[in-house]
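**Student:** Protein chains in written order, with the numbering used here: chain E, 1 to 347; chain F, 1 to 335.
Keep in mind that the hints are not guaranteed to be accurate.
When the alpha-carbon atoms are kept at most 25 Å apart in a straight line, the in silico DMTMM-like pairs for lysine to aspartate or glutamate are as follows [what the hints assert, rightly or not]:
1) E/Lys158 / F/Glu102
2) E/Lys229 / F/Asp74
3) F/Lys27 / F/Glu102
4) E/Lys127 / E/Asp29
5) F/Lys27 / E/Asp113
6) E/Lys127 / F/Asp334
7) E/Lys127 / F/Asp310
Below, a sample of chain E positions facing chain F; criterion: calculated Cβ distance under 7 Å [what the hints assert, rightly or not]:
8) Pro39
9) Ala50
10) Asp113
11) Gly114
12) Asp264
If you're looking for bench data, these hints aren't it; they were derived computationally from the structure.
Glycine included, every Cβ here is placed at the ideal spot set by N, Cα and C.
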Amino acid sequence: MGVVRALRIDAVILHGIQKRTRGEEVEPDLSDAASDLSPRIRVFLQEQVAQALKHGRQIVEEPGFSEVPDVLRGFWDGESLLDSSRVLARRLQSSQPTQSPEGLLMVADATADGQRVFVIAKLEHEKGAQAKREPDEQGRLVYSMNFLDDLFFTTGSKVYKIGFFPIGDDPAGPISGLVVDRQAAGHAVARYFRENYLGCVWRERPELATERFMNTVQDWIDALDDPEKRARYQVALISELQNQHTGLSVGTFAAQNLDADDRDDFQRHARQTLPATEIPKDVELVRARLANVRIDTRSGTILMAPPESMRDGTVTVEQDPDDEKSRITVHDEISGTSGTGTYKPPA
Amino acid sequence: MTASKDVADAAIARFATERPRYERAGKAVEEVVGEIVARAGVDATLSSRAKEVDSFRAKIVTKAYDDPSAQMTDKAGARALVYRAGEVDVIYQLIEQDGRLEIWNVTDKRAQLGVEQLGYSGLHLDLYAPPEEGDTGRITCELQIRTFAQDAWSVVSHKVLYKPPVELPDRDKRAIMRLVALVEVFDEEVDRVMVKLPVPSAAAAADHAPDLLGLVRAQYARFEDNAGNVELSRAILAVVAAAIDADGATDYLTTLNDFVDQTRDTLRALYDDYGPRSAMATSSDYVLWSQPESVALLECLEHRPHKLLDAWRAVGLPDAWLQPIAAHTSAELDL
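Take the sequences, apply the hints, and build the full model.
**Tutor:** Right, dumping it as structure tokens:
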């Protein structure tokens with residue numbers, strides 16, 4: 001499952017999820033029927049979910065973790081949406097940690113690009129203000145304001161968690177899909193939601209996916225002609241892998257680090273080997289490649305520089321306009337010199 | 001010889017049962033023709049229908065059919081309306097060259113008119129609809145190709161002359177009939193003027209926004225019958241052209257056509273939800289979904305999103321217009 005383009009929500013049921021008190025069983029505020037979907041609210045929800053899924057990460061069922069996958073299979077086998085959603089609400093109520101705030105569970109029967117999907121979303125209440133121009137008691141037109149504390153899933157909101165599951169070729173088989181959780185620092189998907197509640201684990205081991213991300217980006221950087229750009233993007237790649245964000249995304253990397261002219265070309269290259277979804281980051285297999293930027297020159301000179309020194313201008317690389325060679329400048333204090341390795345003449 | 005009552009009743013009952021299949025047959029022909037004309041950059045508006053059961057019944061009663069089920073060839077119908085009279089033959093040739101729809105009979109109403117006669121001048125093709133699993137025989141669909149002006153006259157004259165609630169005096173009938181002369185003049189003048197307009201071509205597409213308008217209209221017509229606002233189209237297509245140009249893309253005609261072919265079902269679902277017939281059509285944020293250039297925006301957002309966004313912002317277009325379209329692509333843009 002990659003990017004979802006045409007998402008159509010056919011039915012939605014909302015249940016209220018209470019803040020859990022330690023040691024007490026709390027019953028969610030259950031609905032008795034599906035919510036009415038006006039065309040506008042349906043389209044709004046579709047867009048919000050589709051937009052959120054751009055940050056989705058691929059997951060698969062891990063048997064024995066949760067009863068939620070069984071509920072989905074039961075629904076696809078003919079159980080009603082209401083009954084299924086009630087089980088899901090009770091399960092969420094009992095599996096969420098005590099520090100989790102109250103909110104809504106939204107369960108939706110939908111199709112994505114023609115394929116039937118099941119959407120499970122935990123949505124937290126949000127606050128906002130509403131302004132309305134109307135006459136006051138003296139007949140003057142003024143903007144009156146209302147404070148609203150029962151909003152949910154507002155535009156730009158990040159206070160939600162979503163599980164998104166397309167029906168498989170074998171509806172009775174293991175489920176797989178996407179999970180989105182942009183709420184936590186670095187967008188770390190809350191483990192309780194992914195494992196305890198949805199009963200899923202990452203589809204691909206994060207350390208392998210991260211290594212593939214690094215190799216893919218590295219290949220693209222190595223193929224660039226401009227040495228200054230290569231050095232700059234190399235630093236960006238290392239920084240991306242070292243930062244606190246827990247996910248890797250082709251689009252985000254392009255938008256935040258590459259020149260505008262290079263972004264689309266990079267995305268086309270990257271999409272050949274990387275998913276359009278986010279990759280959970282784990283640098284275990286690439287840690288040794290993150291300490292320094294290494295520059296090899298044709299003469300056999302090797303420069304090892306910490307990424308920070310390239311970011312702050314201590315080390316700069318530029319194309320010499322007079323010939324095809326590059327100029328590497330190290331503007332620094334020399335703290336020591338030593339001999340190392342074996343001299344290897346240039347090929 | 002007219003069919004016996006038993007034969008007629010059986011044929012009506014059978015048609016009522018099979019009518020959904022004829023609806024699908026008409027739709028399938030509409031889709032194939034839409035694809036063919038869009039690929040060629042011909043701006044045509046397509047529609048299809050299955051004959052109503054009432055109309056089928058009436059035709060059996062009034063026409064001399066031995067075997068109404070077999071002899072009535074317009075149970076499934078499709079129509080292609082064009083701006084220029086010359087495009088009628090272009091579409092016919094394109095369908096022949098494409099070969100997916102087998103034409104087994106051609107009725108050229110123009111050729112049936114003598115020099116001293118005036119009348120309806122469309123081109124009707126009897127062709128076989130794409131087969132479906134379970135079909136027991138080939139299903140014929142009548143495709144009518146004509147100009148918008150011919151269509152207007154045909155629809156009105158059909159209602160007034162052939163199916164009037166009361167019989168009109170000859171003077172009024174003649175008044176309607178002589179309007180067809182104006183249709184001929186109208187079509188000739190339109191053809192004379194439109195021939196001077198730039199013709200969409202693959203080579204020119206990336207360089208000239210006006211040419212893109214024809215291309216996107218032809219593709220958009222596969223989903224929606226809506227011309228949109230031309231001024232807005234020109235402004236947006238200038239941005240699209242800049243993005244295509246910056247990306248070094250050539251042969252945009254093929255690129256756009258391939259994109260629409262590959263995502264046809266998805267696009268249909270999106271236009272159903274957000275297009276000019278949807279509940280969102282009155283929302284200003286969704287204005288571009290009712291514009292033909294939306295199809296090129298979707299293509300660019302899928303294949304060159306950053307270059308599109310650069311060009312978009314360079315001319316100061318609001319991000320809010322792009323966001324509702326970008327939401328349904330793989331583009332990860334900070335809008």
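**Student:** All hints, please: hold or fail.
**Tutor:** To see whether the hints hold, each was checked on the structure:
1. E/Lys158 / F/Glu102: violated, 55 Å
2. E/Lys229 / F/Asp74: violated, 65 Å
3. F/Lys27 / F/Glu102: Answer holds: F/Lys27 to F/Glu102 is near 16 Å, not above 25 Å.
4. E/Lys127 / E/Asp29: holds, 20 Å
5. F/Lys27 / E/Asp113: Distance ~20 Å between F/Lys27 and E/Asp113 Cα, so the pair holds.
6. E/Lys127 / F/Asp334: holds, 23 Å
7. E/Lys127 / F/Asp310: Not OK: E/Lys127 and F/Asp310 at ~34 Å, beyond 25 Å, violated.
8. Pro39: The hint holds - E/Pro39 has a Cβ within 7 Å of chain F, the shortest such distance being about 3 Å.
9. Ala50: Hint on E/Ala50: holds, closest Cβ of chain F at ~5 Å, below 7 Å.
10. Asp113: Hint on E/Asp113: holds, closest Cβ of chain F at ~5 Å, below 7 Å.
11. Gly114: holds, 6 Å
12. Asp264: holds, 5 Å
Going down the numbered hints, you'll see the structure goes against 1, 2 and 7, while the others check out.
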